[in-house]
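Residue numbers (my numbering), protein chains in the order written: chain A, 1 to 754; chain B, 1 to 81; chain C, 1 to 287; chain D, 1 to 158.
No lab work stands behind these hints: they were computed from the structure.
Keep in mind that this is a model prediction, so the values were computed, not measured.
Just so you know, not all the hints are guaranteed correct.
[To be verified] Derived coverage of chain B by chain A (criterion: at least 3 residues anywhere in the stretch with Cβ under 8 Å from a Cβ of chain A; other residues may be distant):
#, segment
1, 9-18
2, 58-65
3, 70-78
[As the list claims (entries may be wrong)] Beyond 12 Å from chain C on every Cβ pair, some chain D residues (computed):
#, residue
4, N11
5, V15
6, E16
7, R32
8, N34
9, D46
10, D55
11, E78
12, D82
13, N85
14, D150
All C-beta atoms, glycine included, are put in the ideal place defined by N, C-alpha and C.
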Amino acid sequence: MLPLKCGGRKMALYTGKRNFKVVGTRPPRPDGIDKVTGRALFGADLSAPGMLVGQILRSPHAHARIKSIDTSAAEALSGVKSVVTSADFDKASNSPNQDALDNCMARGKALYHGHAVAAVAATTAYVATQALKLIKVDYNVLPHVIEVEDAMMANAPIVQGGRRADNAPDGLSENITHYMSFGHGGLDEGFAKADKIIERTFKTAATHQGYIEPHACLATMGPDGKADLWCCTQGHYYVRELCADFLGMETSQLRVTASEIGGGFGGKTTVFIEPVALALSRKAGKPVKMVMNREEVFKASGPTVSSLTDVKIGMTKDGRITAAHAMLRYQGGAFPCGTIEFGLMSAFAAYDLDAVQAEGFNVMTNRPRQAAYRAPGAPVAIYPVEGVIDELCQILDLDPLEVRLKNAARKGTKSSYGPTFDDIGLVATLEAAQKHPHYLTPLGPNQGRGVSCGFWFNFGGNTSVSLNLNADGTVGIVEGNPDIGGSRASISQMAAEELGIPYEKIRTVIADTNSLGFNDVTDGSRVTFAVGLATIKAAQDAVQKMCSRVAKLWDIDEDAVVWEDGYAKPAGPNAGEFEPMSIAEIAAIANSTGGPIAGHHEVNADGAGVSFGVHLVDLEIDPGTGQTTILRYTVFQDAGKAVHPDYVEGQMQGGAVQGIGWALNEEYIYGPDGLLQNPGFLDYRIPVASDLPPIEAVILEIPNPGHPYGVRGVGETSIVPPLAALSNGVSRAIGHRMYELPMSPPKILKTIKG
Amino acid sequence: MVKVVVWGSLRAATGGAAEVNVDAATFKEVLTQLEQKYPGLKPQIDRGVSLAIDGTIYREAWFTPVKPDSEVVLMPLMVGG
Amino acid sequence: MRYAAPDSVSEAIKLLKSEPGVSRVLAGGSDILVQLKTGMAAPDLLVDIKQIPGIYDITQENGGYRVGAAVSGAALGEHAGVKAQWPGVIEAVELIGSTQVQGRATMAGNLCNASPAADSVPAMIAAQAIAHIVGPEGERDCPVQDIPLSPGRNSLAKGEFITSILLPARPENASDAYLRFIPRTEMDIAVVSAGVSLELDSSGVCTVARIALGAVAPTVLLVDAAAECLIGTKLDENALDAMGKACSAAANPIGDKRGTIEFRKDVVAVLAKRAAKIAQTRAGDQS
Amino acid sequence: MSKIHVTTTLNGDQVEYLCEPQETLLDILRNRLNLTGSKEGCGSGDCGACSVTLDGRLVCSCLVLAAEAEGREIETIEGMADGENLHSLQQKFLDHAALQCGICTPGFLVAAKALLEKNPDPTETEVRFWLAGNLCRCTGYDKIINAVMDAAAEMRGA
């Protein structure tokens, strides 16, 4: 590693190739043994003495005014200790928080099938279930609206009044909460230059993140207003903010501890049951545990937007895109939802375009409130764009990768959402795909090959890290982002790298909200980037302190001590002759040289660096049944520096399979009554092991200039390309284009039969 | 003066201009100036915005310097994911 | 709810008969436990029949096999004799649920649950399987197709339950096959299914055919018109096409979240033809 | 509602508990016996996170009544390692990074162990179909399959 100068350094951003010792290796994860032996404690795994069981009563209607709620019979039932409704919560301090609260507990109106209406805490689950049956809710059932195109119509049932976007066009429903557009250049001139222009309409269904662990929490609140909350979440600081707001508490009085988290994918970035458990606990004066069942998970948490999108693209005979336009319509459930912004900004991000516009609406419907899902908004925006490009390639008889390369965004491209790209990896991923044996393998009958690009922004954000030097020279790292896919390993690796000590000498833990400064939610593929960056800086802070102690010991200038491979050394011959001191030696005498040594860093990190991916799929369609068999799948992704390549590959593979599910079978199915028909794993069909071939992951390391090790977020981009890759593959296999997801067998068979 | 690019649907607030000039040397000054010169932008700025400065997206970094020749692009606040 | 695990048939019948409220029989539990959890079923008494002697047995009987009511799919699939004689029934039973569900689910339970999409039922009907029923009025044998009445309802009287199912003997040159369509490769309920049982003569001409279709009507359909298309043929393309058309014509499915009417009518023909070919090959391989 | 007394063998040890008729084996494992390694992902036998073996047969413990365990032998994830020595499958899951969040991991391990006891030399396709009742949403299954194949090879060699 490069020797670090210890005095007054500024954070160096990426400075070119370096020889990593720990970063880039594949050590075992620190939580591994606990997770293979069943010891790891997830949301539902903690219990407290005297604990009650909390359960929620949910709306049987898609849309209904709540005229009254009579909880007296439930309260009278033996074993029931508290009952709460929306009346038991404070008004939230701002509009987004109020939406989160109203989603946790309906206020005045039930806005979707499964919307929480009341909750009980009782001595056993059996009593709680009986108590729910005794709560009498008098509903006035209202007309409902489910599909985005219906909800936009002027005469549509109004989901929530007063939420209409200021700039929504006249003649459309009050359900429109956002209208936005992005882009540059003259579309008319652009389309005039095209040899071929096509415009197509695409539809996608709402999907669910499908984490295997249902939402779960254990809340304890005493009469003194102090509370503790244990829960599975991607962001316990945000849980604290929301719960404190809804319960009228000061933040310091609520300590939130994040359990091990059994998957989130964006769906555990807000609250559902946590404030309810706290309110029940406050009223009952006892700990309350709440665990959603799977039906509740589907009905009341998570889903993505569904969409209806028109895309128009003009292309020259040789494959240059001359102009591109998209009109996106998203519904994100019964509350305003900003996911449309990401969709609009990402739709054309992969391409270098002179004339481009993406405009779109978000519309409210009587569905559950949308929650983020891996690259929120991007998969359903990029799917239609990649579909139209692929269809143009077929019409113009052009190679789909060639065309994408010809139009690919690269360093210096003015992106479709505004900024000019720095170093990005799209061209590298496309070239890697072109050269890969997968792309050159011949196809058999009823088989098709699909290609798609994908993109995600990646976030940085607020991050705090403490790095504590122990007396034996080992290091404890305290960070505040729930580890959703191996981040404790990669954080430990980066600390080991920076300190120059073995990985095994470090243990990284996730702190509760009282034990460390604020951290943003684990989202936007930010953790390895931002927590990694803060960890490196915390390590540098500790190194500086260690060097300073050594300088005092040697009685030389602080600047004359350098840090190399875990040792403090004299900077050069002029600094004097001293035996290098190891971290363990420095730690052993820390109490005598000034006290404990710890490094810290707090930052709102920027410079995350965008990420691109290209997916290739070979598939075969059974012409008799319309069933799709995936034969081969390869993911190419620009990962920046891969800190722990196993987990980078895991993100690429896992995202790809979620995208495959989205493309083929997953969907929220509603009946004409507005009720969700498939709230379970049986009929919400996520991919199973036998549905899939091996997923090959090809990591390309195009360093992110904004991170000292060149790290980029890798978690989200991989869910984006499968939607179009599969759609394009199926379309090529059957000789007819598909314009709707999921491509369930009945739809494919119908398309085959014309 | 710094040139700031605003996205399509905000141009109603800038008299149709895709680019506006403000007298600013930092992230915060850009926003303050935008609000003052184009009050129609204030609701969006209050809801939250990011600024892409020379290709890097900054979410809330008030003191980030902006040079006269910087490429500055107004973007929605990047949250959730 | 009360739970009882009697150790004799007579005790089980007595419990079931004397229960004034709703009673249900528990074998593998893969349906009833889900129904309990969702509130779809709320019996007052659950009678676990798995302590009854012989209930786990598979025995040879007159050249066929008698399969106890508590024999799980996994256990049945391990029985080489049944598998050789009735490969279609075995493959149908093995398609019920996951490996985990296979550890518990039974043919008898699959039958009594009376779902039109039950995997083992078309294969059993094609196989002319006979259920052995015990009850307050004594014992009786009943063809399996007479047990499901409509989705979720069966013909067993109060106090009755199945103790075993007989898969009868087969002549030479006879075999069966079962295919179902699901959107994934596992873990789904059949969208459409077809069980085909064939007997061939020494020259390969079909002499007996039974074709049973699942998930295309309120109960499994045994389609004689389809079978007739195969009898007297060597299952040439024309015969298979005619059989497929007869299946589509007989199918009277609903459209729901699992599949459209059009899809079910189309695919049932495809599956019946494919299953018939497999059964033919298996029967031919025996000679 | 009177409780039922059950005596059973759990991970080799005799265990007694009282259960209510509607309680599942999973409820008892998690809430009464404090063995929270078996997870409840769906409660309907569709995810496999609660996999255990009952008299050697792989089952979903959410689809077994606690009362049914009388006189049976139950093995859970907690009984898989021999003291501080991990089972080959557990070690291979770590070596191959076959887990991300880890919630499905106990179920996969119990199911994979049952497979290798029945079939020590499965093909990749056999592994994929055997494990189709275990849902994983993080990994795309790739590394899980590799880990099981590698463990099978190691166990055959050992």
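So, going through the hints one by one against the coordinates:
Figure legend: the segment 9-18 of chain B, annotated as covered by chain A; annotation consistent (3 residues with Cβ-Cβ distances under 8 Å, at least 3 required). Under the rule that three or more residues need a Cβ within less than 8 Å of chain A, the assignment of the segment 58-65 of chain B holds, with 5 such residues. Proximity of the segment 70-78 of chain B to chain A, defined as three or more residues with a beta carbon under 8 Å from a beta carbon of that chain, is established by the 6 residues found. For D/N11, the non-interface assignment is confirmed: its Cβ lies about 18 Å from the closest Cβ of chain C, beyond the 12 Å cut-off.
In this structure D/V15 is separated from chain C by more than 12 Å, as the shortest Cβ-Cβ distance comes to about 18 Å. Residue placement check: D/E16 keeps its beta carbon more than 12 Å from all beta carbons of chain C (closest about 17 Å). Look at D/R32: its CB is around 16 Å from the nearest CB on chain C, clear of 12 Å, so calling it non-interface holds up. Every CB of chain C is more than 12 Å from the CB of D/N34 (nearest about 22 Å), matching its label as outside the interface.
Annotated as non-interface, D/D46 brings its C-beta within 12 Å of a C-beta of chain C; the closest such distance is 7 Å. At roughly 9 Å, the least C-beta separation between D/D55 and chain C is not larger than 12 Å, which violates its mark as non-interface. Non-interface status of D/E78 relative to chain C is upheld: no Cβ of that chain comes within 12 Å, the nearest being about 18 Å off. The claim that D/D82 lies off the interface holds: its Cβ sits roughly 24 Å from the closest Cβ of chain C, which is beyond the 12 Å cut-off.
Distance check on D/N85: its Cβ is at least 26 Å (rounded) from any Cβ of chain C, clearing the 12 Å threshold; non-interface status holds. Once the 12 Å rule is applied to beta carbons, D/D150 is consistent with being away from chain C; the minimum gap is 20 Å.
In terms of the numbered hints stated before, the structure departs from hints 9 and 10, listed from lowest to highest.
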